[in-house]
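S.K.: One letter stands for each residue in the lines below.
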Amino acid sequence: MPIVYAVDDEMNVRRLIRQTMESEGYEVDTFATAEEALEAIQTRQPDVVFCDITLPAMDGIEFIKTVNEKAYDFRIIVISSVTSVEAVRSAFRLGICDFITKPFTPQELKDSIEQCLKSEESLQKRSREIRKLVDQKKYHRAAQLTRKLFFDYPESAFPHFLMGLVEKRDHPKTAAKHFRAAIAIDDTLKEAEAELKSLGVE
Amino acid sequence: MAIIKGTVKKKEYYIVIIGCGRLGSRIASLLSSQGHSVVVVDRDEDALQALSYEFSGFTILGEATELDTLKNAKLDKADIALVLSPDDNTNIMIALVAKEYFSTPRVIARAYDPSNLEVFSQFGIEIICPTLLAVESIKEALEIAGDES
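Residue numbers (our numbering), protein chains in the order written: chain A, 1 to 202; chain B, 1 to 149.
Hints were generated in silico from the structure; no laboratory data involved. Source: prediction; values computed, not measured. Among the hints, erroneous ones may be present.
As the list claims (entries may be wrong) - Taking lysine-lysine and the DSSO-like style, the derived pairs with C-alpha atoms no more than 30 Å apart in a straight line are:
{"hint": "1", "chain 1": "A", "residue 1": "125", "chain 2": "A", "residue 2": "65"}
{"hint": "2", "chain 1": "A", "residue 1": "102", "chain 2": "B", "residue 2": "11"}
{"hint": "3", "chain 1": "A", "residue 1": "102", "chain 2": "B", "residue 2": "74"}
{"hint": "4", "chain 1": "B", "residue 1": "11", "chain 2": "A", "residue 2": "118"}
{"hint": "5", "chain 1": "B", "residue 1": "11", "chain 2": "B", "residue 2": "139"}
{"hint": "6", "chain 1": "A", "residue 1": "177", "chain 2": "A", "residue 2": "125"}
{"hint": "7", "chain 1": "B", "residue 1": "99", "chain 2": "A", "residue 2": "110"}
{"hint": "8", "chain 1": "A", "residue 1": "102", "chain 2": "B", "residue 2": "77"}
{"hint": "9", "chain 1": "A", "residue 1": "110", "chain 2": "B", "residue 2": "71"}
{"hint": "10", "chain 1": "B", "residue 1": "71", "chain 2": "A", "residue 2": "102"}
{"hint": "11", "chain 1": "A", "residue 1": "148", "chain 2": "A", "residue 2": "197"}
{"hint": "12", "chain 1": "A", "residue 1": "190", "chain 2": "A", "residue 2": "65"}
{"hint": "13", "chain 1": "A", "residue 1": "190", "chain 2": "A", "residue 2": "173"}
Said to hold, decoys possible - Pair ranges (Cβ atoms, derived):
{"hint": "14", "chain 1": "A", "residue 1": "119", "chain 2": "B", "residue 2": "76", "range": "24 to 34 Å"}
{"hint": "15", "chain 1": "A", "residue 1": "40", "chain 2": "B", "residue 2": "49", "range": "20 to 30 Å"}
{"hint": "16", "chain 1": "B", "residue 1": "11", "chain 2": "A", "residue 2": "40", "range": "25 to 35 Å"}
{"hint": "17", "chain 1": "B", "residue 1": "54", "chain 2": "A", "residue 2": "45", "range": "43 to 53 Å"}
{"hint": "18", "chain 1": "B", "residue 1": "132", "chain 2": "A", "residue 2": "119", "range": "34 to 44 Å"}
{"hint": "19", "chain 1": "A", "residue 1": "81", "chain 2": "B", "residue 2": "123", "range": "26 to 36 Å"}
{"hint": "20", "chain 1": "B", "residue 1": "123", "chain 2": "A", "residue 2": "180", "range": "28 to 38 Å"}
{"hint": "21", "chain 1": "B", "residue 1": "67", "chain 2": "A", "residue 2": "171", "range": "50 to 60 Å"}
{"hint": "22", "chain 1": "A", "residue 1": "111", "chain 2": "B", "residue 2": "126", "range": "27 to 37 Å"}
As the list claims (entries may be wrong) - Here chain B is said to cover these stretches of chain A; the calculated rule only asks that three of the stretch's residues, wherever they fall, bring their Cβ under 8 Å from a Cβ of chain B:
{"hint": "23", "stretch": "10-16"}
{"hint": "24", "stretch": "105-118"}
Glycine included, C-beta positions come from ideal geometry on N, C-alpha and C.
So that you can see chain B by itself, here it is in the shape it has in the complex:
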């Protein structure tokens, strides 16, 4: 499957990752090791410093809620924005800016609270919800356990 739905598959994507926590940093290293151009934005310098040795992209220190920071990350050029800050409201706001202001073709955001999913989907933003993923995994694990018994 093409990494950007409905578009021609490219060899290298320009990907901006907002949030360099456990998820953001791992995804950043994975994608950069696959040859994509990756830019990670975070307001915490220590988080950016902690990126693994394998990471071969760029880091931008700054508040992702500020337009200038997103401009510095060249979000207008990005094929994909991954919005992975720990706060749902911040993610909604940044994801909307990416989609509406910068016209980023594909925006994927993390939402912890499943009740926020509707807000994201109204604006064509794809959502990764750890809560729902955990529910699915637990459900699957229980079904497997049930089959085995």
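Extracted from the complex, chain A is given alone in its bound form:
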């Protein structure tokens, strides 16, 4: 049973998320502050976290940055009444899975989590397949699959990283561009940094 955490200072919202997710069979824990959630994450990692941007003390963006720094492996869905382009952009730059605006319906929550879990599974599976092809030196096929990945996950750093792996043998400069793009999207992607360094391209 997937574990869901909800971080929101509004009790009504926490209760709504709990009701909706429990009715779908998820195990749910809710927190009023980011600090409480981080403490719980240290003990037990969830599969998905619903997180508000406006929180007392540590805000949602800081929370996501902290989660990224610690390289936890779960998806984050932001739920917020802050709908400015800047807020949405900065959240997506941190690699969140979805952004839901308040007020939301239970159906929106269900659709979002389903999509996130499905998309995560699919992205990881396809990435593994591409890396296997690169290891087997089947670069042409790997490039084809990576192009499809760009189309399906334009916001993800992975297609750039994988394209970097595909290109690094024959076109190191192009590969370097892809690794830099991957780092720009997700600056916690240490593998991309290591690959870029190993290329030695200015």
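With chain A's structure known, arrange chain B on it following the hints.
M.R.: Just chain B now, with coordinates in the frame of chain A:
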């Protein structure tokens, strides 16, 4: 009976309630406890704070006569709008905006003055008139009393 006439009955409706007075707050708690998505709009923060513990929907602090407030409440997504401010003229105005601008499928407004009923019904807005309801209740009570005597 389906909660929205002429449409397929849904399990959960998205309901926007304008006005968080005695009626609005009670209806909000009732509907949210039934599993509907409820958004309550009021300009009075204290009124929103006073919503009962059972209420599990959203609150929007703002003037419902302003378009931005209604947009924030996502009235364009609503299945039902309940317009329950204490002023008939305000209710007419908001109910019309809900019906005509946001195309809310079902709009129910409160009108204290029975002479306003015609204005509402011209635009396909359903009306709850406390005055007429009271008249009906009193009439019924008197009839019962008459039967008993």
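S.K.: Starting from the hint list further up, note which numbers the structure goes against and sort them upward.
M.R.: 5, 17, 18, 20
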